[in-house]
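So you can see what is in the structure, the chains are spelled out below.
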Amino acid sequence: MIGRTARAIAALALSIVACGAGAAPAAAAIPDPFMGGAWPQSSVLTFRWIAGAAPPAAIRTAINAAADDANASRRSKAPTFDYEVDATDGIGYGLSAPCGVNGLACFRRSVPNSFSVYLREHGHRFDWGTLRWCEIERVNGCYDAENITLDELGHVLGLDHHDNLPDDSDYGDAVVQQYSRARPKEFYNAHVFGRCDYATLQQVYDVLTSSTPYSTCLDIPTELSINASRTSVVAGSVVTFTATLGSNGAGRLSNNLVSGRTVVLQQRTSGSWVDVFTMVPGSSAGPYSVGMAMRSTSDIRAVFRKPSNEGLRGSSSAAVPVTVAAACTTTLCPQSTPGSTR
Amino acid sequence: MESTRWLRLAPLALAVTAGAVGIGRPMAGAAGDPPWEPPPCPAGEASGPPGTAAWYRLDPALDRQGALASMRLTVGSAGERGRWLALAPESFASGPVGGRVLAGSDDGSASYIRLLDPVRGCASAVADEAAVIRSAVLAADGRSLYEHRVDRRTRADLGVWRRPIGADGAADGAAVLVLPGLAADAEHGPTFTTELLPADGGRIVVSSCGIAACRDRVLDPSDGSVARVDHVGPALGVSGGLLVARAACAGDPCAILAVDLATGDRRTLVDAAHTAVVRSGSLVYEAPDGRVAGLVLATGRLSDPVEAGGAPMAGGSLAMAGAEAPGDAVALAPGGRPTYAGLIVFDPSTATVTPLSEASR
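Chains as they are written, first to last, in numbering that gives the first Met the number 0: chain B, 0 to 341; chain H, 0 to 360.
Possibly wrong hints are sitting among the right ones.
[To be verified] Where chain B lies over chain H, by a calculated footprint (3+ residues, C-beta under 8 angstroms):
#1 56-67
#2 146-160
#3 209-219
#4 298-311
Since the hints were made in silico from the structure, they are not lab data.
Positions of the beta carbon are idealized from the N, C-alpha and C atoms, including for glycine.
Start from the sequences, fold in the hints, and give me the full structure.
Okay, here's the thing in structure tokens:
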């Protein structure tokens with residue numbers, strides 16, 4: 000477990016991130032807080048059933064499903080979870096759970112050494128009544144063990160409870176919630192990390208690949224650069240333009256190459272920028288390129304428009320002026336000049 | 000009459016237990032032992048000799064679906080293997096105080112409390128209530144019992160009640176309300192658990208905990224005054240004018256705080272600890288590495304952590320285990336769960352550990 004100081008630093012770092020995204024509206028979604036202590040990227044956290052506290056079959060199924068849910072919806076290089084009979088870390092069930100006096104489930108983590116998760120037993124009595132797991136008794140008021148386990152696995156990865164809006168209208172943005180919902184309230188059985196859960200995982204552990212969409216719970220600036228294969232050509236020559244898109248966020252999301260997006264090439268005509276081509280993603284992460292036959296001198300730039308389905312801001316590259324000379328029409332043409340395609 | 004009603008529960012609870020699977024099977028007591036059916040303690044007779052160390056642990060018995068079927072309470076004295084009783088799913092135990100373990104159980108229509116005396120091998124019935132008694136503790140002098148009740152139908156908090164106890168362990172008068180119940184509020188939400196904890200100076204600490212944070216109240220029965228601290232974790236104890244409590248944490252380990260009851264000022268005593276108790280002015284806790292350390296609250300002196308071979312047991316009305324230790328020492332058990340041979344005593348003033356069977360001599 001990372002110390003309190005480190006936690007405070009991590010919290011401060013995230014609060015800075017939140018402030019950095021201050022251009023967003025006040026009611027914008029905010030990534031889950033991070034409690035500090037990151038596991039190695041893309042590591043595998045194996046678990047077994049804790050001896051003497053093995054869950055019953057229905058709960059084991061729910062826990063394994065939750066591990067699969069976490070793995071499938073982390074959208075980051077956060078660790079994955081895998082059941083292994085010889086694992087040293089464990090998940091348990093029942094009154095031996097060291098959950099303190101409250102809570103439906105709880106976790107322990109000592110990064111990077113160990114973790115454990117416990118679910119209370121079906122039938123546990125609280126002041127408000129009896130805990131029922133939907134996987135054992137599907138009645139109104141039951142809690143979904145798969146959802147609750149996913150919440151706990153989120154904690155194991157380092158997520159703290161999502162900070163909901165006062166009206167809870169953003170409840171669906173996160174599974175890692177302070178107040179879990181019981182059946183049949185909406186999201187009581189959410190089985191994927193919410194966008195504000197995996198937003199933090201992306202900040203802490205990095206996106207899974209350069210083409211993985213950034214969570215819409217984020218608002219990450221991008222940077223776009225462009226190069227031209229030639230900046231002085233004769234009319235009709237083909238110039239290859241290569242743009243590179245990168246993210247400029249905090250933590251693992253700084254200086255990341257961003258691939259698989261739509262980047263367009265624009266040409267300034269009569270003072271206005273006009274789309275001329277959609278640039279083609281390269282075989283490696285980051286570059287987008289296109290060849291364009293130049294007819295007249297003009298400025299060229301690349302543009303990445305803010306996508307509606309992910310949390311990246313739009314950006315434009317600097318303009319590249321390309322000078323175009325008239326084509327040679329006589330038999331006494333000059334030798335090729337620098338910048339010429341001949 | 001109360002004893003008779005209690006004893007009628009035992010065969011029913013036993014039948015439930017017999018059908019349960021071994022999830023959470025207790026380590027104490029032999030599996031084949033019959034349940035203990037303690038006879039009533041003789042009226043007017045005091046408990047065992049001073050210094051007699053008793054212990055208990057509660058274990059769930061689950062059915063094949065993983066549902067709580069009953070609770071198994073094992074009680075014993077130091078060095079003794081212990082005897083077990085089957086209790087209803089809504090049950091608790093606390094103490095021991097003066098060699099006696101408080102045990103409560105609710106059969107769905109009434110709640111019953113009795114004092115088990117493993118040394119003398121008997122029990123005294125002390126409560127029979129229509130409301131649900133969620134948990135209870137004996138005051139340090141053993142002459143008062145504090146119980147927390149909820150409404151049987153609505154589960155609304157009915158507050159904390161005090162019940163006088165005679166020297167023989169029997170009820171000695173009617174219970175009176177000493178602390179009103181708390182309704183849910185926006186910050187803490189519905190109350191999940193209410194834990195009672197005897198504290199220094201005869202005070203009682205009541206932690207009403209929501210899913211994430213508690214409202215801790217310190218009651219001084221001598222003058223009826225109540226001090227309240229919100230947005231903390233469950234209380235660990237009181238020392239002088241300080242409430243010692245866990246922070247409001249999402250998980251474990253968790254920081255331990257000291258809150259000045261007069262000013263509300265807070266400071267962190269320990270950055271991260273697992274189980275912890277406050278006893279006689281010292282905080283004893285299990286560090287994240289499993290070692291045990293003691294912190295003298297008045298001076299701030301921290302002992303060197305030691306490999307104690309056990310962890311402290313939580314001490315409140317919802318504790319799943321407990322054991323008495325002599326003097327200012329704190330009883331430890333492997334994993335915080337006592338067995339007859341595994342009890343250890345930690346002396347926070349010297350940071351030394353001793354088997355309880357030796358310390359009790």
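Cross-check of the supplied hints:
no., hint, in the structure
1, 56-67, "holds (count 9)"
2, 146-160, "holds (count 3)"
3, 209-219, "holds (count 4)"
4, 298-311, "violated (count 0)"
Hint 4 from the earlier list is the only one contradicted by this structure; the remaining hints agree with it.
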